Structures are given as C-alpha cells and as structure tokens.
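Peer 1: As a plain string of letters, each chain reads:
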Amino acid sequence: MLAFLVKKELLMEFRAKESFLTMAAFSMVVIVSFSFSFNVSSGRFVEMTPGLFWVMVLFTSVLGLQRSFAYESEFDAFSMLLSAPVDRGLIFLAKWISGWIVLTLIVLIALIPFTLFLRFTIPTNPLVGIGIILLGNASIMCLGSFVSGLAMRSRLSNVLVPILLFPLLSPVVIASVKSTSGWMRGLSFSTWETWIFVLSSFIIIFGLLGYTLFNHITEE
Amino acid sequence: MVPDQEWAQKIFYLHVPSAWVGFFSYFIVMIAGILFLSKKDHKWDRVGLAAAEIGTLFLILVLITGPIWAKPIWGRAWIWEPRLTTTLVLFLIYMGYFMIRSFGDYPERSARTGAVLGIIAFVDVPIIFLSVKFWIPDIQSHPQVEMSSQPSGILLPFLFSMFCFTAMYFLMLRYRIHILSLKSIREKNDL
Chain G
1 MLAFLVKKEL LMEFRAKESF LTMAAFSMVV IVSFSFSFNV SSGRFVEMTP
51 GLFWVMVLFT SVLGLQRSFA YESEFDAFSM LLSAPVDRGL IFLAKWISGW
101 IVLTLIVLIA LIPFTLFLRF TIPTNPLVGI GIILLGNASI MCLGSFVSGL
151 AMRSRLSNVL VPILLFPLLS PVVIASVKST SGWMRGLSFS TWETWIFVLS
201 SFIIIFGLLG YTLFNHITEE
Chain C
1001 MVPDQEWAQK IFYLHVPSAW VGFFSYFIVM IAGILFLSKK DHKWDRVGLA
1051 AAEIGTLFLI LVLITGPIWA KPIWGRAWIW EPRLTTTLVL FLIYMGYFMI
1101 RSFGDYPERS ARTGAVLGII AFVDVPIIFL SVKFWIPDIQ SHPQVEMSSQ
1151 PSGILLPFLF SMFCFTAMYF LMLRYRIHIL SLKSIREKND L
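Taken in order, these protein sequences are the chains called G and C. Using our numbering, read the first sequence as starting at 1 and increasing by one per residue. Using our numbering, read the second sequence as starting at 1001 and increasing by one per residue.
Treat the hints with caution; some may be incorrect.
Computed beta-carbon distance windows for the label pairs [said to hold, decoys possible]:
#, chain 1, residue 1, chain 2, residue 2, range
1, G, Ser200, C, Trp1080, 21 to 27 Å
2, G, Ile122, C, Val1123, 31 to 37 Å
3, C, Ile1034, G, Asp87, 17 to 23 Å
By construction, these hints were calculated from the structure, which means they are not laboratory data. Computed from a predicted structure; not experimentally measured. The beta carbon of each residue, even a glycine, is placed where N, CA and C say it ideally should be.
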C-alpha cells in the first residue's frame, strides 16, 4: 500500500511538474542572490559555502512542502484520501518519501549552478556528499511533511509552515552544515560522525512520532 | 552561582527559577497533549494551553535576564550558549504554537494541533540542546558549580526562590485553567 501511495504522489508531481519546476527555479534564484550578496572570490567565502548550501535546500524545501498538501485541498481530495481504507500513518510516510525523492533530485540539479557560480569545489569522494545530502533531505522532509500536514487546514498555512518548521529543524541545519563542512575539508569521518548520528536519530525519532501522530492531526 | 560575580550573581535568583519553571511548564504541555489525544477530554487541552502561555511568559524572563547577566560577565549581551540558545529556539517554536492555535479553523482541530505540537516541541528540546552544545564547543557555558559546595548565604535564598517561583507557577496555572474553563462555558452558552 505504501508503494502505491508513493507512486500516486510521484505521478501527480511529475504530471503537473508544479513543485519540481518552481523548486528548481527558486533554488536558482537563491544561488544568484547569494552570488550578488557575497564576495565569492574571497578566501573566507569557502568556509561559508556549506551553510549557504543548506540554507538554499531549506528555503527550496518549503516551496515543495507547501505544494504537497495544497493540491490535496483542491476538490477536497484530502478528505477522499482519508476516507480510503488506508492507515493514515502510511499517508504521512508516502508524503515524506515522495518529497524526499523530489527534493533530492532538485538539490542534485542545483549543485551544478552552485558549483559554477559560488565556486563550490566538490571533493574527490562525491558519494559521501550524496550520502550527507540524502540524510539531510530525509530529515527536512520528515518533519516538514508532518508540519505541513499540521498547518494545512489553518488560515495562513503558507506562512505558518516556515515559522513552525525552521526552529524545529535547527538541529538538522547545524548537523547538515557541520557534516558537509567536515566532508569538504577532507577531515576524517571520526571528527564529524556525531553529526551523522544526530541526523539519523532525528529521522528515527520524528519518523516514528510522525507515523504515530499523523492519525490524530487528520481526524475529522 | 559563584560568589565572586558580586551584583551580577543576584540575577540568578530570578533567572534560574524562571528557566526551571519555563521548561517544567513545557513538560506539562507535552503531558497534557498526550492525555488530550488519548482521553479526548477538553480539560487537558485547557491545561496544555494554560501551561504553554505561562511557560512562554517565564521563558521571556529568561531571555531578558540572561543577556543582563552575560553583559558584565562575558562582555557581550548574547553568546550562543547552549541553554540560552535552546531557550530562544523553544520560544520561537511556541510563537508558532500560538499562531497555529489562533489561525486554526475549528476549535477541536486547533486543540489537536496544539497537543501534537506540544509533544513534538518537547521531544525536540534535547536534540536542539545537544546540537548547539557540539556546534561551538568552545563557547563558555553557565557556571557549573555544584550546589552542595555553595555557601549557605547563596544556597538558602536560591532554594527559597526556586520554591516561591514553583508555588507561584502552580497558582498561575490554576487561575489560568479556571479562566479558560469559564471562557469555554460562555462559548458553549453563546452557541
């Protein structure tokens, strides 16, 4: 059933391409804004790039999160989804997994202009970086999917998602930036393994909480 | 709680009890949230909302008194010290909590949203604290002097202050729950 729900989410996303296109365009706009705001040729700028990269990911993810529940409210589609004989926790998992796939695709595409415009040099072991991106994105989309479900039926839900999400995600931002920085500087894994532990714990804790509590926030 | 801080140390009789009461209050929000979701009794929603309001009031006191103490001791009003940073992040989360409760469409749904958010916010606290602690490990933390080694001239007033703040908290909580109950009865009568 989970595979079916994820397939439904991805099909809707790739048919309409709304989130995908807006997120890709927005990430590009953010990168260009960073290029104008900072002295890219400065030696100290390299130290800031992991932080800027994750700020871009965070801002871009909010656009996708807002869309993922917004289209469910059209023709009251979400009520129909809830009336289906499906465990509601699985709806949360499907939103999380599909959002994670879409965000990771966007981030991998955005890496090209990021390296080009902001002189972001990818170290020799890119698979480690992809692993960090996968973990960071999974953490963001885990809590993000839950919070957008929580805010979906409020007035001003578009504004409430980032206000609620950013402070809750502060450990994820710190851990993602620190692990990306460790990877970029070529430090040994033992010096930044704590941050991978923080990200993994975050995913497990909020994944379980989201699965358990999603039923309560979707009660009619 | 070190004697050589002279007058700056006095603020700890206000700062530490406020922090204790603020965090304890958010713990009550989480417990009330769990009880509301399991028992569906609106009494627990009122307890959670009252505790969230009073807890936020005390956290504002912490965020005001912390920099007042830090300025003469550290030379700067704000340092990203783990406990103070966790307090700030928690305060921001609760700003979102009050907004989502105010902008919700149905009271029943707002109550459920508040309960869930109260649980999530408190679970996030230790993760935020550890992340900030490892983030800049060189940053000086609050003085960590053992309470048992404090002279009685400091320890006794401190314990008295903790007791008074805790007693005041329970009194405020009781009155706020009572006011919210009356408000709820009035809303029911209006319908």
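Peer 1: Does each hint hold? Answer for all of them.
Peer 2: Verification of the hints:
Judged by the Cβ atoms, the range 21 to 27 Å given for serine 200 of chain G and tryptophan 1080 of chain C holds: they are separated by roughly 24 Å. Judged by the Cβ atoms, the range 31 to 37 Å given for isoleucine 122 of chain G and valine 1123 of chain C holds: they are separated by roughly 35 Å. Checking the proposed 17 to 23 Å range against isoleucine 1034 of chain C and aspartate 87 of chain G shows it holds: the Cβ atoms sit about 21 Å from each other.
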